[in-house]
Amino acid sequence: MAARHKLLVVTIIIFCLFSLSQPVQAADNKLYFNGKDISDEVETIQQEGELLIKARQFAKLINAELKWQPAIKTLRLTGSNGEVVKLMVGSPYIQIRKNAIKSKTGLVLNEGHTFLPLAGVIEAFGYLIEFNREEKEVYVFKPETVIKEICWSEDGNSLEVIVDELPPYRIVKTDNPNKIILEIDKARVANEFTDNVSNNNFYLQVKNIADSALLRLIITSKYPIPFNRDGGISEEEDRLVLSFLPQITNIAWTKNDMLMIEANGNINKPEVLYLEDPRRMVIDIPSLMFNELDINLPDNEWVKDIRVSQFKYDPVTLRIVLEMKNNDILQEIPREAGDMIAFKPAKETVVDNLQYKNGQIRFDSTAELVPDLFLLEDPARLVINLFNAERGASFLEEIELDKQLVRKIRTARFDEQTIRIVADLAEMTGYGWREEKIEQGYRYLIELKNKFSAINLVESPDYQDINILLTGGVDYEIKKFSYPHRIVVDIEGAVDNTENLVLPEPKGLIQDIRTSRYELEGKELVRLVFELKEFNGYEVKTDPATKKINIHLPKEEKIALPKQGDIIVIDAGHGGFDPGAIGQNGLEEKDVNLEVALRVAQKLKEAGQKVVLTRSSDKFISLKQRVRLANSLPAKLFISIHANSFNNNISSGTETYYSDTNTNAAASKKIAQLIQEEMTEKVKLADRGIKEESFYVVKYTRMPAALLEIAFISNPHEEVLLGQSTFQEKVAAAVNEAILRYLQLEVAE
Amino acid sequence: MKNRKYVYLLLIIAVILLLVGLYQIRQNNQLVESKLYFATPDAMYLVPENRLVEKDQLYLNTIKELLVGPENSELRKTVPDGVVVNSVSLDGKLATVDFNEALIEKHWGGSSGELITIFSIVNTLTQFSEIEEVKITIAGETRETLAGHMGLDDSFEFNQEIVK
Ligand SMILES: [Zn+2]
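Chain order of the listed sequences is S and D.
Using our numbering, the first residue of the first sequence is number 26, and each one after it goes up by one.
Using our numbering, the first residue of the second sequence is number 8, and each one after it goes up by one.
Chain S on its own, in the form it takes in the complex (with noise of 0.2 angstroms):
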């Protein structure tokens, strides 16, 4: 044979090989494209595992403009929203704006016609792909749904899921009472989402689940989540929501002679009667759940026995019994906490010296009592009720006043147990009440001052306040809403006369006020809403229990406000997109960081400490974003959790980053040197040491900040302890122990 053939018949066994080492199959599969079976339409091959489909029948299917660059083997598409996606013959890497994802094959050269793999390329143009691998079928489509928010609803017992457009949906039924799993078919998580609901008892995950092209929202609870029994779930117009009612979680006869009371959530006002023969006290307390548990009775001269009930489902009320041992009764004593009522033995008590004076009604009692305080309408009264009391000489009948506010006080025996004042007042007024020791005993002070007295805005130029005046000192909660953004003030203890007060009118950052009567844990409630145009944040500048209530709102994000709060910031290091480093096995950094960032916060939660984190999905925050969340909170500490890699398999333990240009240099110092502490005691690998870097999250953060590297997951041993959950938790255990020693310093200092 002439060399020449020689070189030919090479030549060609050459290519051959190389032809083999990447088959190329027709595929199969079915296609079907926003429902519509497009099989026959479109070309698409099959290799290493990857649907790859003929590029420019992709382009026209999605009405993007495909360049094909032949000089550097390039494709570029254009789609109609302006994404970009850049693709080489050769490369796995699939370019997408800035960022590139890896494929198996990448752009396949095939019979002169360029093949792109399906699944990497049509996710950027904003669809969902589902593969149904059984029935050979691939359904592509644009998700129909985007979710916007996730958050508890206004008051507490519900989760309301904020959607562009109402999706097919479903509950999934588990085995585990404790968690609740929404299915949302076609949907996708904005790229502005948050979670808002992780708390005390809750917390939340969202799963993308590729192959079924659905979200999962997954919410885990401390107890079972009682859904409420007709369907716990409803639908308004961009929302989902999911109603549960709390479970009681205790009760027990207290040391010190109380009935305590509590629940998972709001107790709403119950209803008490009494029965005889035996005597017994019913306490009724509306949409409240029954829940396993140990009533704690000491031996006491008051309550011989105590049953617990779910006494109605519809409506939901759980009933508490107590067989009483004398003819005693117990009164409820004002709350300081929505979760939690007592009750206490009203003691036998002689009331005297009844009088009105300064905006006051007052009298004095032999022994402590808790006065049963409520408004009436038409015409106005307030109602005093006085339980196992009797007159003495100076409570009288009636006093005629017509003062200002008040006209007359009469006062009455009820009924065998109770002592009735009643003030006619000349206008439905706010009211509350304080006990003194005086030498024979208690008095009581009713005070009836607090109304609005005027609200105004006031522009400066870097700031928006909104100001509350009222005539006495009130309780109030300040609140913060989105769609559209809103500051929502609850006002406790004062009287609605904002139909008489001039409003002021919208300008600035605001742009709507409203008011109304609103009705939370049994108490009454006025709601003043601000709406906003805009929202960078807000302050409040004054104290619980005020007359004036300053509400400062920045005009621009840049001004920063006080970095001292009392968030944690949870920082779970890469996801989405970006794995973080890959052990030898395929575990992923990403994942490792989120399981050990969410045990952190379900910790710290547990100490009763406020948690943020940064993502608790698998989604790709930048680490711009994640600084710019921390900034914006008033957040006190900064952790950001991930494990470490080199190029080879030796390099082991662990280590914490500060940044020496953090503001807070020498606080981050310090929890860089608590977390290593308790890290080198708990988790026991090698100490690496804290070292001082200007990684990004550490450096731009406006609070104390670290950051933590777990382990080498590129080490083969590191990587299994790594993925194991008993090793992640002894690691978030060192983590939240080191944040409760930091901040117990700080209260020290």
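There's no promise every hint is true.
Partial chain S-side listing against chain D, Cβ under 7 angstroms, derived [said to hold, decoys possible]:
| # | residue |
| --- | --- |
| 1 | Tyr118 |
| 2 | Gly605 |
| 3 | Ala606 |
| 4 | Ser670 |
| 5 | Phe720 |
It is worth saying that the hints were derived from the structure and are not from the lab.
Yeah, the Cβ is synthetic: ideal placement off N, Cα and C, and Gly gets one too.
Using the hints, position chain D with the ligand against chain S.
Frame of chain S, contents of chain D with the ligand only:
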């Protein structure tokens, strides 16, 4: 056999071409000694290794040598395989060094892994008195980060702490 002869012939030609190429480079260029910073195997420190580098396009060639990796078997390479340096440009005392996409795509990640890569480049370039700061770009663009920890918006100075 004729076949084997054929292979020998090809090999000889290849070796000759290589030698001719090397000879030409040596003739055209003076060599100077540069420090290349490589990593200790525990990913804790950088250690300089001296190497002769062509004086023509000194910065670029120094980085090209850095990409080759250490001669000392006790040290580790600091930049992933497949990384190509496109250019090193100097503006005042700020050097901008541009790499291909592989620097990000093929990076092993980790805070230590990222620090080692960045400061091996930065420390290597700042050995030259004309360079005080170094900025790293990818395919001509500033990226947010190399491996998810360090910001690439910033420029970097010589890092003494990391040198053993
Ligand atoms: Zn990381």
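Unsatisfied constraints (hint numbers, rising): Every hint satisfied by this model.
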